[in-house]
Amino acid sequence: MIRSVDSRFYPNHWLRQVLGPIFGAACLMATCTGVVVLALLLGSILAAALKGPPDNPFYAIGPNVVELVTLVRNLATQSQGTDPLEAGYRVGIVGSLWLLGLVALIGIPVGIGAGVYLEEYAPPGKLRRIVQTNIANLAGVPSIVYGILGLAVFVRAFGFQAIALGPKLLAGVLTLSLLILPIIVITTQEALRAVPQSLRQAALALGATRWQMVRDHVLPSALPGILTGTILGLSRAIGETAPLLMVGAAGSILKLPRGPLDRYSALPVEIYNFAKEPDPRFQTVVAGGILILVALLLTMNATAIVIRNRFRRYH
Amino acid sequence: MSVSPPRNARSTAGPAPPAASSTSTDVPERRPLDPIVLATLDLSVSYGSALALKEITFDIPRHKITALIGPSGCGKSTLLRCFNRMNDLILGASMKGTITFDGELISGPDIDAVALRRRIGMVFQKPNPFPKSVYNNVAWGARINGYRGDMDELVERSLRRAALWDEVKNKLNRSGLDLSGGQQQRLCIARTLAVEPEVILMDEPCSALDPISTARVEDLMDDLKKDYTIVIVTHNMQQARRTSDMTACLMLDEGSSDGHRTGILAEFSPTADLFTNPKDKRTEAYITGRIG
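From first to last, the protein sequence lines stand for chains C and P. Sequential numbering from 12 applies to the first sequence in the working numbering. Sequential numbering from 88 applies to the second sequence in the working numbering.
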């Protein structure tokens, strides 16, 4: 007989065997909730996008796909307009790509540098702890606060008109860089912390300086984690609306930005602008814009995962 | 900092000529190599407030293998790490007393640890090759130290010296992590040899290896001592007996009152004498297996 009778133990086999699957089922329901909500969201957006003429029934997949593709193509190539059939996001998409590129150029190196300093060079102690705590706190600050900060510092320069940028692209870039800086610093630190100490010791024992060790061994090892953090930070920056509204991204602009000191718009800002329109036909335009934004975000996240996996294979 | 001439070029029969390198500009031209390469005087190491080593004094002879033995926790690895200042990397570690290397002081705050570590190399307990190719594992150390000669030749020479060349000569571009444990440890030895050190510190280099790899590394050590000085920490007393010329036995200080484990030097003698005729009672108890 497997179940022995030992009066010192009260194993309660039945209860334990029942509670396990109940817990598993509860976790499964939580997962399904997330999936169901996501499916509902996507479905309602698709329905709104397909609301205009021609009115195909929802099960006619072919015509619906064609309608969707036409809609997206129109939206991506047309600029702002009063007629919903002539409206599009061309300026917003170009503006968002400008923002993406410049934030990657300006904000990412600063964030990675700060992470490397805090993890590899800063002597452990009270000062480092204070800095790290403050950076972690900044990660939770609402994005509109960054917008107000950007307005005061970059757009208006506390009143010094000579160095104030005004509502230009560069102001938006700097504001978004500040916004994602804490995320980049924290993910860089986590990636560096994951590099084993034995690697650092081996490098130093050969007579390497700290910089040589970091440059040739620690950073390459931590690169997948740092890249993943970078792309996640950038995808957050792309979707932010409130700070861009505060620093003056135009809701309605017809010209593409030609440089960092031009007026600009961004995709989420234009979506918000169209959503305010009273004409119900603009709902299709809004839904189409959301689809473009979601597609962009999914592409960026997928790229992050692909890059991370590709680097992992070579280690 | 100039690179010293390759070891193989020197004859091993007579007294070696003075080497051309020096680590600082104010050291006078080197006198004929004296028989003591590393000397400690009242060396004490603490981690925070806990004393780990107490007043260690002994000399390590040149071109010999010196073994450090003793029970766990008596500070053998700590002592080893003091010689190439790797202990400085540990938070809260502090050192009192002096260590001299070829007569120059290497303890104290104003030492160029980077230059020191090129001349005193270290092989760790768990093989830790870089996640790079075999070639780059060996070449990296030489590259960052500004080696200006033929890199291919240096890599081949170091791998031959580490008895690994025949096994990897067709696989130089494969990752160092693809090798077996014994091969990885020999790769770590090869990369240490590539920077032409004078002393090689080995912290239990065979404890993670199987007996055949262990035998290979021990043969390697016997070959290397012609040109390098080797200091090895080992838990394996048979290994100490087989391979080393001098043995230092560290013991736990019974007199320590605050509960911390403090190591002291119980005995330091030629290996044959220490194992057959130990002068200290505690040494005898340790090597016969009564304690430790």
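Check before you lean on any hint, since a few could be wrong.
[Claimed, not checked] Once the Cα atoms are required to be at most 25 Å apart in a straight line, the calculated SDA-like pairs of lysine to any residue come out as:
{"no.": "1", "chain 1": "C", "residue 1": "K137", "chain 2": "P", "residue 2": "S133"}
{"no.": "2", "chain 1": "C", "residue 1": "K137", "chain 2": "P", "residue 2": "N174"}
{"no.": "3", "chain 1": "C", "residue 1": "K62", "chain 2": "C", "residue 2": "E97"}
{"no.": "4", "chain 1": "P", "residue 1": "K219", "chain 2": "C", "residue 2": "E97"}
{"no.": "5", "chain 1": "P", "residue 1": "K312", "chain 2": "P", "residue 2": "D340"}
{"no.": "6", "chain 1": "P", "residue 1": "K219", "chain 2": "P", "residue 2": "R235"}
{"no.": "7", "chain 1": "P", "residue 1": "K219", "chain 2": "C", "residue 2": "Q28"}
{"no.": "8", "chain 1": "P", "residue 1": "K219", "chain 2": "C", "residue 2": "P74"}
{"no.": "9", "chain 1": "P", "residue 1": "K219", "chain 2": "C", "residue 2": "E131"}
{"no.": "10", "chain 1": "P", "residue 1": "K219", "chain 2": "P", "residue 2": "P196"}
{"no.": "11", "chain 1": "P", "residue 1": "K183", "chain 2": "P", "residue 2": "D239"}
{"no.": "12", "chain 1": "P", "residue 1": "K213", "chain 2": "C", "residue 2": "K137"}
{"no.": "13", "chain 1": "P", "residue 1": "K312", "chain 2": "P", "residue 2": "E341"}
{"no.": "14", "chain 1": "C", "residue 1": "K137", "chain 2": "P", "residue 2": "K313"}
{"no.": "15", "chain 1": "C", "residue 1": "K137", "chain 2": "P", "residue 2": "P196"}
{"no.": "16", "chain 1": "P", "residue 1": "K258", "chain 2": "C", "residue 2": "P231"}
{"no.": "17", "chain 1": "P", "residue 1": "K313", "chain 2": "P", "residue 2": "T301"}
{"no.": "18", "chain 1": "C", "residue 1": "K137", "chain 2": "P", "residue 2": "K312"}
{"no.": "19", "chain 1": "P", "residue 1": "K213", "chain 2": "P", "residue 2": "R235"}
{"no.": "20", "chain 1": "C", "residue 1": "K137", "chain 2": "C", "residue 2": "I159"}
{"no.": "21", "chain 1": "C", "residue 1": "K62", "chain 2": "C", "residue 2": "P74"}
[As the list claims (entries may be wrong)] Where chain C lies over chain P, by a calculated footprint (3+ residues, C-beta under 8 Å):
{"no.": "22", "stretch": "136-150"}
{"no.": "23", "stretch": "214-225"}
Hints are computed from structural coordinates only; laboratory data are not their basis. Quantities reported herein were computed from a predicted structural model and do not represent experimental measurements. Don't be surprised by glycine CBs; every beta carbon is placed ideally from N, CA and C.
So, going through the hints one by one against the coordinates:
1. C:K137 <-> P:S133: 22 Å, holds
2. C:K137 <-> P:N174: 22 Å, holds
3. C:K62 <-> C:E97: Given pair K62 (chain C), E97 (chain C) holds - Cα atoms ~16 Å apart, limit 25 Å.
4. P:K219 <-> C:E97: The hint is violated at about 56 Å.
5. P:K312 <-> P:D340: With Cα atoms ~32 Å apart, K312 (chain P) and D340 (chain P) exceed 25 Å; violated.
6. P:K219 <-> P:R235: Holds - the C-alpha atoms of R235 (chain P) and K219 (chain P) are around 21 Å apart, at most 25 Å.
7. P:K219 <-> C:Q28: Status violated; Cα separation ~49 Å.
8. P:K219 <-> C:P74: 54 Å, violated
9. P:K219 <-> C:E131: Given pair K219 (chain P), E131 (chain C) holds - Cα atoms ~21 Å apart, limit 25 Å.
10. P:K219 <-> P:P196: 34 Å, violated
11. P:K183 <-> P:D239: With Cα atoms ~43 Å apart, K183 (chain P) and D239 (chain P) exceed 25 Å; violated.
12. P:K213 <-> C:K137: Cα-Cα ~33 Å, so violated.
13. P:K312 <-> P:E341: Not OK: K312 (chain P) and E341 (chain P) at ~35 Å, beyond 25 Å, violated.
14. C:K137 <-> P:K313: Given that 25 Å is the threshold and the Cα spacing comes to 49 Å, the pair is violated.
15. C:K137 <-> P:P196: 23 Å, holds
16. P:K258 <-> C:P231: Holds. K258 (chain P) to P231 (chain C) sits at ~22 Å (cutoff 25 Å).
17. P:K313 <-> P:T301: Given that 25 Å is the threshold and the Cα spacing comes to 20 Å, the pair holds.
18. C:K137 <-> P:K312: 47 Å, violated
19. P:K213 <-> P:R235: With Cα atoms ~31 Å apart, K213 (chain P) and R235 (chain P) exceed 25 Å; violated.
20. C:K137 <-> C:I159: At roughly 31 Å apart (the allowed maximum being 25 Å), I159 (chain C) and K137 (chain C) break the hint.
21. C:K62 <-> C:P74: 13 Å, holds
22. 136-150: violated (count 0)
23. 214-225: Since three or more residues must qualify, the claim that chain C covers the stretch 214-225 of chain P holds, with 4 doing so at under 8 Å.
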